[in-house]
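Peer 1: So the chains spell out like this:
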Amino acid sequence: MIRKLSDDALRAGGFIAACGILMGATGAYAASGEELQFILNTFSFLIWGVLVMWMCAGFTMLEAGSVRTKNASMICLKNIGLYSIAGITYYLIGYNLMYVDVQEGWVGTFKFLYGPSGDELKLLSGEAVIADVTKAGYATMSDWFFQMVFVATTASIVSGTLAERVNLWAFFVFTIVLTMIIYPIVGAWTWGGGWLSAMGFKDFAGSTIVHSTGGWAALAGACVVGARFGKFRSDGSVKVTPPSNVPSVTLGVFILWLGWFGFNGGSQLALSSATDAIAMSNVLVNTNLAAAAGVVAALCLSRPLLGRIDLLAILNGALAGLVSITAGPDIVDHYWALVIGAVGSALSVGGMRLLEIVKVDDIVGAIPVHLFAGIWGTLAVCIAADGNFGVQLIGVLAVGAFAFAASWLSWKVLDKMMGVRVSQSVEELGQDTAELGIEAYPEFVLMPDQDDVDQIRNNS
Amino acid sequence: MIRKLSDDALRAGGFIAACGILMGATGAYAASGEELQFILNTFSFLIWGVLVMWMCAGFTMLEAGSVRTKNASMICLKNIGLYSIAGITYYLIGYNLMYVDVQEGWVGTFKFLYGPSGDELKLLSGEAVIADVTKAGYATMSDWFFQMVFVATTASIVSGTLAERVNLWAFFVFTIVLTMIIYPIVGAWTWGGGWLSAMGFKDFAGSTIVHSTGGWAALAGACVVGARFGKFRSDGSVKVTPPSNVPSVTLGVFILWLGWFGFNGGSQLALSSATDAIAMSNVLVNTNLAAAAGVVAALCLSRPLLGRIDLLAILNGALAGLVSITAGPDIVDHYWALVIGAVGSALSVGGMRLLEIVKVDDIVGAIPVHLFAGIWGTLAVCIAADGNFGVQLIGVLAVGAFAFAASWLSWKVLDKMMGVRVSQSVEELGQDTAELGIEAYPEFVLMPDQDDVDQIRNNS
Amino acid sequence: MIRKLSDDALRAGGFIAACGILMGATGAYAASGEELQFILNTFSFLIWGVLVMWMCAGFTMLEAGSVRTKNASMICLKNIGLYSIAGITYYLIGYNLMYVDVQEGWVGTFKFLYGPSGDELKLLSGEAVIADVTKAGYATMSDWFFQMVFVATTASIVSGTLAERVNLWAFFVFTIVLTMIIYPIVGAWTWGGGWLSAMGFKDFAGSTIVHSTGGWAALAGACVVGARFGKFRSDGSVKVTPPSNVPSVTLGVFILWLGWFGFNGGSQLALSSATDAIAMSNVLVNTNLAAAAGVVAALCLSRPLLGRIDLLAILNGALAGLVSITAGPDIVDHYWALVIGAVGSALSVGGMRLLEIVKVDDIVGAIPVHLFAGIWGTLAVCIAADGNFGVQLIGVLAVGAFAFAASWLSWKVLDKMMGVRVSQSVEELGQDTAELGIEAYPEFVLMPDQDDVDQIRNNS
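Residue numbers (our numbering), protein chains in the order written: chain A, 1 to 460; chain B, 1 to 460; chain C, 1 to 460.
Honestly, the hints are just simulated from the structure, not real lab data.
No incorrect hints appear here.
Pairs involving identical chains hold if they fit within one copy or between any two copies, as the list cannot separate such chains.
Here are the simulated lysine to aspartate or glutamate pairs, DMTMM-like style, with alpha carbons at most 25 Å apart: (1) K122 with D333; (2) K359 with D235; (3) K231 with E439; (4) K239 with E439; (5) K135 with D333; (6) K231 with E443; (7) K122 with D386; (8) K412 with E428; (9) K231 with D449; (10) K239 with D449; (11) K416 with E427; (12) K239 with E443; (13) K111 with D333.
Kindly produce the complete structure, drawing on both the sequences and the hints.
Peer 2: Structure representation (structure tokens):
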């Protein structure tokens, strides 16, 4: 095969095919406009979807820098594993369950595999069915690709909260359940056109559908799996477990911020009109402003609330701002994005403290960032956009009840079946050495854990 | 809301709306062409702008790897903070000051906030004003987004030079001044259509406007803040402070290189004609060739000039090549890009030495890379493109005089008001522990600073 | 210059120029359609090409995390150096040799430099030659840019295998030979339209042309340069050399996965018809599924085959899946992508063991990943797509014979001329300190090499 466009390909592939133009047939013109729409919408799905995939690397770097070094390799494995599993399960069943023939019901179709439409296959094999193809608006699999990268985000949220003590295989099995069943059902109610969608529930890019669902699953997991050994001491104090690699966490946040432009921008779902282009521009601007406001709010609040300029709270503030704006990033009064992001960030800073008080061990703060800010963002649609508060609240509660209950049940069943937690000795040694037989940084001399040192000192 | 394009949306949203096409009205055709132009230009701003945002992560990784580990968290905070602040100030005031009604004068309009045009708001709320909207050529906020990410770059340059000793709050206040006033005024003279623009000053993507301005601000800061304690010894020798994490610096340079494709490519400002597409292609090719030539030049020069193959000089050579080509990346004789990049790189290698001789402490070499190569690149427009040397020189001098003076004054006022420099004890302990209460790599055993060791040895 | 689109520019630049539309000349319509095609194809080359460039950062992070810390800076230098050299040589000679006037022969034209077409230059200087320009289908230099980033990939593969003991200058000279001569000749046979192309050899994005060629060059290098001192012990055992920075390796794999969307998606070479958009969507989906299947396959196989859950084998499994699908990512039955990726991953896991048995020292496993999976992927085109097994096999063998022989010869000549290997003392000390005079992580306390410790212990 020659890696140049042949003259033939150029002529044949042209969406304003010579025949159509020169013959001046009205139908041909219309078709050519639809074909261009089709190309632009498809390309928008692909390029923004690629940026959303990049968020997986962001979660990985954020989490690998947040955990003890003795668990950093394991968190790398969990993240690349969950992205792979999510992509496969969504192909096998998930997409059909979420999007195919939902029609205001509760769930789509239980059917295996997904692929290009029949008309697309005909077109690819040379049949002249261009008009049948292009009236769909975009290539079938470009939409699948864009939706798939969203599933992976949901699963990524869980891995951060449960790091350092959840069993690898239990985590992967839960990932299968979450991405193949729980998330697609939530999605069917909403983006799939089910009952919540019929009520008028608004969630542009998934503050509730993606982020809160992931947050609820993480919270359920944290309840069942429990806190790390020694995190909450018997005297009521909390063991401080700072990130082991701050630049890695920061890089992760920058990657997520970048990917979020795809997450929210691509959720316009089209690029075929000036309206789409304007909306997409507004979405990117609001996304950036909300994140920036999240950073500044946490910068101002962390000293009064947490006693010091807390870089981690500030980094999480950026993410909380992003989650908050995700339900309604298409607002046209951009100053609201500043307000929404700042409030989301404040909730995340306060939420970190709250979780410590109720003794929920969330290593990266994923629950405050994705769940608390996600709820806030979903309700905030009523302030700046035209959301109905009652409907938004029903959406938050319904998704919350289902996602938490289904996740809790799944974790419980997994606990009975295989155990969801590593043994105390594995936890102390670290999952890297105990389960993977490697270290994340084998050539670097590392500090002994202070608690271990204290224990040895007390014993001797 | 359903996350699928409805048939209605497809029909209504189509830029070649059925009515226009089928009715065959001449006006409708023209409109549809303009709408497509509008979409492509807008999308170009957005996607390239997203890549420019990514450069912030590049500066962060470069700087976090360049500083002592004891200041790596603080540099992460400064970078995510400056990007957030720049985005907000540019929204609040900066953009209006730079672009709104400059008309060959000295500065734009002092007015708060920025947002979609009135016609865009009408279109979004359903009015049939498509022709009024699309004649603007692109969505209002897509342009804002693209310009905003450029401001952040200017501020990023300063953070690198002043790392390890500048006070956090002073740095953030300076960032506000730089992004809200200094940079927008320089921008008003040039890209905003002010007096330098009227004279014919050429600076395609900002060798002077962005990079030199940042470089001058950094130089002014270095003069006021002073060198790190112990950097320039009384015996005339210079304390070597190698990067603490070389792969992190390298990653930063790769990120910047990638982002620069958006920086220069997007500065074509349009994607609606074959001419734009060709120019954008040439721009990307020249950008890459100049950076590559910068690497190779520094690789060849570093041994004769610096006594060894100096990886840092080579990495900075890539950046100097990129800065150099930024004023005129649209040249069609690509070999000139090799020459321009190589000379810029040589200036950067030599500039590093020069700064040591004049005792200016620039931790990452941002002044040689962004200022020296930026001046060279602006003048080089006369060689390969059709710049007028006198005008280019006036631009370099005028921007230099204003940016340096305004920055120096700002730093001086800040020094009086709040102090711009941390105490010696904070500097010795590191800003991470002293000001943030964390360490960048808390689990890793680190070397004691050799100078501290020497001091202790001398004392005992 | 003003950084806003002027009204004039908007009018003049419009691809549906007022004159053409209003005059209603048939030719003008056709031209405008071709111009849009031209823009979309060009933009596709540029944006996907930018993502492929990003793969260089991926190789760098993967390799910098895989080598001993004492060689991490050197591998950073090699990678940024090879990307720069590849870009320059391909501009100087490589592209002409690969693509210009090959015409079913063996090699293109020996001619220096490459640049915009004559018609493009005329258009840029204002002549009305739009139709002559746009019939080419894309901007000349956008294609060059996209092809250039592929050359760099080939060279990146070699650096990983030979890390820690190949001489810097020998490596760079070999990079020149590879990117200026060997790869362009292989490319001329195939994508350039030479004899293999004429036979019907299929390799969509380069399983053989890019990845196997790089793999053969790496294998030849490994044979000539030899294994690291002490890697294969006299008692038949193999010294374990785990990655020094696992999160860095993981980040590298994520970057490569992201970049591969550009690698395979952009290789559709066009975006100007619904067929292109559909094919590009299918390509991205298959690329992702194959990588995901590679991860899951290695996850399942590593315990039975390697005795433990081997993160490195799993990360390489993702890459092997990506390499495998690269020859035919446009298949429409997506489940085949799962099969092809999984088999490729299995071959890579097994290949790692095989290389140890035959005592080939490949630090990152580049040969199993790029060569073994590349061969498999090229042959697999016969299963899922409509490749001819005989022709595919001839392609694999011919490219293998030529790339290996030419590389082996080059390495041998280099060995005679300048030596391809560092001295044993440099190897023990590490290339960073010995040749660059820096350390990658100078502030971190590092473990002494266990073998050195053993040796000292034995001596005392």
